[in-house]
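Model the full assembly from the supplied sequences, consistent with the hints where possible.
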Amino acid sequence: MTDLLYDSDEEALRGSVRALLTTHAPWQRILAAVDADAPYDAELWRRLVDQTGVTGLVVPAEHGGAGAGFREVAVVLEELGRAVAPVPFLGTVVATRALLACGESTLLRQVAAAERDVALAVGLATAPDAAPGAVTAGPGPTLSGRVAGVADTAPRGLLLVPTGDGLYAVDAADPAVRTTPVVSLDATRPLVDIEFTAAPARRVAAGEVAATAVRAALTAGAALLASEQVGVAQWCLDTTVDYVRQRRQFGRPVGSFQAVKHRLADLWVELTEARAVARYAAANAAGSEASLAAALAQAYCGPVAVRAAEVCVQLHGGLGFTWEHPAHLYLKRAKSAAIAFGTADRHRAALARLVDLPGPGTADGVTSRCTDR
Amino acid sequence: MSDHTADGLRGLVAAFLRTHDPSGDRTGFLRARFDAGLAWVHHPPGRGGLGAPPHLQAVVDDAFAEAGAPDNQPRRNSIGLGMAAPTLLRHASEAQCRRWLRPLWTGEEVWCQLFSEPDAGSDLASLRTRAVPDGDGWVVDGQKVWTSLAHEARWAILLARTDPAAPKHHGLTYFVCDMAAPGVQVRPLRQATGEAEFNEVFLTGVRIPDTHRIGEVGHGWRIARTTLMNERVAIGGRPLPREGGMVGVLARLWRERPDLRTGGLHEEVLHAWVRAEAARLAALRLRQLVAAGQPGPEGSAVKLSFAELSQRISGLEVELRGAEGLRHDDWTMRRPVAPDLLGRTATYRYLRARGNSIEGGTSEILRTIIAERVLGLPAEPRVDR
Numbered sequence: 001m002t003d004l005l006y007d008s009d010e011e012a013l014r015g016s017v018r019a020l021l022t023t024h025a026p027w028q029r030i031l032a033a034v035d036a037d038a039p040y041d042a043e044l045w046r047r048l049v050d051q052t053g054v055t056g057l058v059v060p061a062e063h064g065g066a067g068a069g070f071r072e073v074a075v076v077l078e079e080l081g082r083a084v085a086p087v088p089f090l091g092t093v094v095a096t097r098a099l100l101a102c103g104e105s106t107l108l109r110q111v112a113a114a115e116r117d118v119a120l121a122v123g124l125a126t127a128p129d130a131a132p133g134a135v136t137a138g139p140g141p142t143l144s145g146r147v148a149g150v151a152d153t154a155p156r157g158l159l160l161v162p163t164g165d166g167l168y169a170v171d172a173a174d175p176a177v178r179t180t181p182v183v184s185l186d187a188t189r190p191l192v193d194i195e196f197t198a199a200p201a202r203r204v205a206a207g208e209v210a211a212t213a214v215r216a217a218l219t220a221g222a223a224l225l226a227s228e229q230v231g232v233a234q235w236c237l238d239t240t241v242d243y244v245r246q247r248r249q250f251g252r253p254v255g256s257f258q259a260v261k262h263r264l265a266d267l268w269v270e271l272t273e274a275r276a277v278a279r280y281a282a283a284n285a286a287g288s289e290a291s292l293a294a295a296l297a298q299a300y301c302g303p304v305a306v307r308a309a310e311v312c313v314q315l316h317g318g319l320g321f322t323w324e325h326p327a328h329l330y331l332k333r334a335k336s337a338a339i340a341f342g343t344a345d346r347h348r349a350a351l352a353r354l355v356d357l358p359g360p361g362t363a364d365g366v367t368s369r370c371t372d373r
Numbered sequence: 001m002s003d004h005t006a007d008g009l010r011g012l013v014a015a016f017l018r019t020h021d022p023s024g025d026r027t028g029f030l031r032a033r034f035d036a037g038l039a040w041v042h043h044p045p046g047r048g049g050l051g052a053p054p055h056l057q058a059v060v061d062d063a064f065a066e067a068g069a070p071d072n073q074p075r076r077n078s079i080g081l082g083m084a085a086p087t088l089l090r091h092a093s094e095a096q097c098r099r100w101l102r103p104l105w106t107g108e109e110v111w112c113q114l115f116s117e118p119d120a121g122s123d124l125a126s127l128r129t130r131a132v133p134d135g136d137g138w139v140v141d142g143q144k145v146w147t148s149l150a151h152e153a154r155w156a157i158l159l160a161r162t163d164p165a166a167p168k169h170h171g172l173t174y175f176v177c178d179m180a181a182p183g184v185q186v187r188p189l190r191q192a193t194g195e196a197e198f199n200e201v202f203l204t205g206v207r208i209p210d211t212h213r214i215g216e217v218g219h220g221w222r223i224a225r226t227t228l229m230n231e232r233v234a235i236g237g238r239p240l241p242r243e244g245g246m247v248g249v250l251a252r253l254w255r256e257r258p259d260l261r262t263g264g265l266h267e268e269v270l271h272a273w274v275r276a277e278a279a280r281l282a283a284l285r286l287r288q289l290v291a292a293g294q295p296g297p298e299g300s301a302v303k304l305s306f307a308e309l310s311q312r313i314s315g316l317e318v319e320l321r322g323a324e325g326l327r328h329d330d331w332t333m334r335r336p337v338a339p340d341l342l343g344r345t346a347t348y349r350y351l352r353a354r355g356n357s358i359e360g361g362t363s364e365i366l367r368t369i370i371a372e373r374v375l376g377l378p379a380e381p382r383v384d385r
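So the sequences go chain by chain: A and B.
Under full-length UniProt numbering, the first residue of the first sequence is numbered 1, with each subsequent residue one higher.
Under full-length UniProt numbering, the first residue of the second sequence is numbered 1, with each subsequent residue one higher.
Don't read these hints as lab results, they were simulated from the structure.
Predicted, not measured: the structure shown is a model, and the values here were computed from it.
Note that beta-carbon positions come from the ideal geometry of N, C-alpha and C, so glycine has one too.
One or more of the hints may lead you astray.
[Stated by the list, open to error] Take a look, some chain A residues computed to stay more than 10 Å from chain B by CB distance:
no. : residue
1   : R116
2   : P139
3   : S184
4   : R275
[Claimed, not checked] Just the calculated beta-carbon pair ranges, DEER-fashion:
no. : chain 1 : residue 1 : chain 2 : residue 2 : range
5   : A       : L5        : B       : D25       : 41 to 49 Å
6   : A       : E195      : B       : G264      : 40 to 48 Å
7   : A       : A19       : B       : L240      : 37 to 45 Å
8   : B       : L342      : A       : D356      : 42 to 50 Å
9   : B       : L240      : A       : S8        : 23 to 31 Å
Here you go:
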């Protein structure tokens, strides 16, 4: 039976990440960085990596990592979600999962030692069951093509680029790689469009190994994103509860009105369930249950985080609609996260296949509606 | 303390089974099991337990089940086991526990609960059944309603007003009422499903000895809260496998009947499946929290979700069945001890599920409790305190 609780090591890790974020990533600082159009916080990322070694969490000891697991990663993501912290941790974990599947020891060592930033060059909205993008290999060891809306890339990092025939490593700083920032809905998770024009590339894996690695990476991304969404939703609930307790109208706290209470009670119920689902997904992010756990996680937790952020804006009244209040940062994070790694609808379609609940006109259960997307 | 491990308890069960024949006299076997402290292992010695951690109960139950031993048929005495016993354990005297706990656990004596009244539902503390001192006891007059198992019960836990002048939460006292006493009249209360799980109970000049009072006079509300907290935990407490509940019925129907499928219902079935699996995992996590000694308020979430899901899923099933959904199995007034949620037609499930958000605290009251006790939001201004 999957353990859905947090153990003492995980709580200790949570404590150190939260302390660091409280000191170095208060929302005022994040909002100021968004205003300055430079939200990516390289200094914060460096601190997080140096002080908690997060990049090596899932790398086995034989490749120089901590040999922990996705459960620990999920706890870090809860805290990063809670702070809407603009650091590329999720993308790093996703790329690490691909490297693990390929057995890429050299790159894993560099990632674990934080010598190299690494990202999987697929659009953030890509679902685990999606077809590979439009980048093609050749002539020779080069790649050409365009990938839109990639998250968590570093200027001098390494890009792992899937093509129809393999998975390639490309240096993001190469002149044949043109990176264009996107004005993204969630400015705390910056996106870029990437154009490869005969960019020098090294093949990391080929054929089915590469395809499996990319699928495993996106599956882990979908599963682990749920923990970030739980962190976002928890912040929204906590902050809203604090606010409605002290905000007074009609001579009483607005939190004493039943219409307000019941919305927050419903949100608490949903968050209680989302936490159980996210823990399940984290524990199964890389096993035989991974596809099902990830699909369930994104079918359930994504919409819960969105509702939490929307309720947060609503119950803060006019204040929640202002730029000066951080609610909009969480709303934008939640809404874009609900699209990241595939929408809830897409994941329900995947579940239909995984748990044999086929759509109409598919009597045998083999062809479900998601295959024609 | 050395026995308070899973292996230690399995050893105790094995030793017990060497000296007690599980295929012999059922009542004698269960009484001996109680006396050996293997009934409720978390109870103190002498009260059916060993003072062991509560999560080890499952280990003991499994060991007895594997040996083919008779159980105490918990569904037949759900109120006694789920609500009366925890309240007695916490608030009753030594003599009272000695009198009542063993036959309650063995099932020799079934219990019911005389709380709700026609004018006191969600606002339970406004109840009007009176208990007036009389010699060495009390005389009780009033009417109770929604009493499951009253027609089977030997005893009832009873909440009655002993001080009409006190503020309503302070004027109540908690009693144990003999259901065989003169003046106790039980009438079936027929419900929307056609059957009568519940009863109306009329109390007319019923004498209760003072030795059947639980706790202090005027402390009834505080004690009742123990009972009600246990009620919320008792509902939806068992761990289910995936698709173990009503959603499994829906999923199997969907798989077996491609002719019923439509695009819109497909969406709804998938939504319901996801929601049910999330609720199942939350219930599982709650059990793990309790087993780890960190019981939280998550039980209220489980109860709220269970009610919403059973209603949504059963409604969806009736609709999915289309023309078949127009057919009900039977409107005969049966007297079940518990609802048969998986055995009857979808229409029965749909109708019975309406009660899930009313019984054991309405969903509205639960939301208010979550908001005030879990989230710490301020109470609404009240005119009755």
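A quick look at each hint next to the structure:
Listed as outside the interface, R116/A is consistent with that label: its C-beta sits roughly 37 Å from the nearest C-beta of chain B, beyond the 10 Å cut-off. Residue-level check passed: P139/A sits 46 Å from the nearest beta carbon of chain B, beyond 10 Å. Every Cβ of chain B is farther than 10 Å from the Cβ of S184/A; the closest lies at roughly 28 Å, confirming the non-interface assignment. For R275/A, the requirement that its beta carbon stay farther than 10 Å from each beta carbon of chain B is not met, with the minimum near 7 Å.
The hint said 41 to 49 Å for the Cβ distance between L5/A and D25/B, and at roughly 43 Å that hint holds. For E195/A and G264/B, the Cβ-Cβ distance of about 42 Å falls inside the hinted range of 40 to 48 Å, so the restraint holds. With their beta carbons about 39 Å apart, A19/A and L240/B fall inside the hinted range of 37 to 45 Å. In this structure, L342/B and D356/A break the distance hint of 42 to 50 Å, their C-beta atoms being roughly 20 Å apart.
The beta-carbon spacing between L240/B and S8/A, approximately 29 Å, falls within the hinted interval of 23 to 31 Å.
In the structure shown, a violation is registered for the earlier hints numbered 4 and 8, in ascending order.
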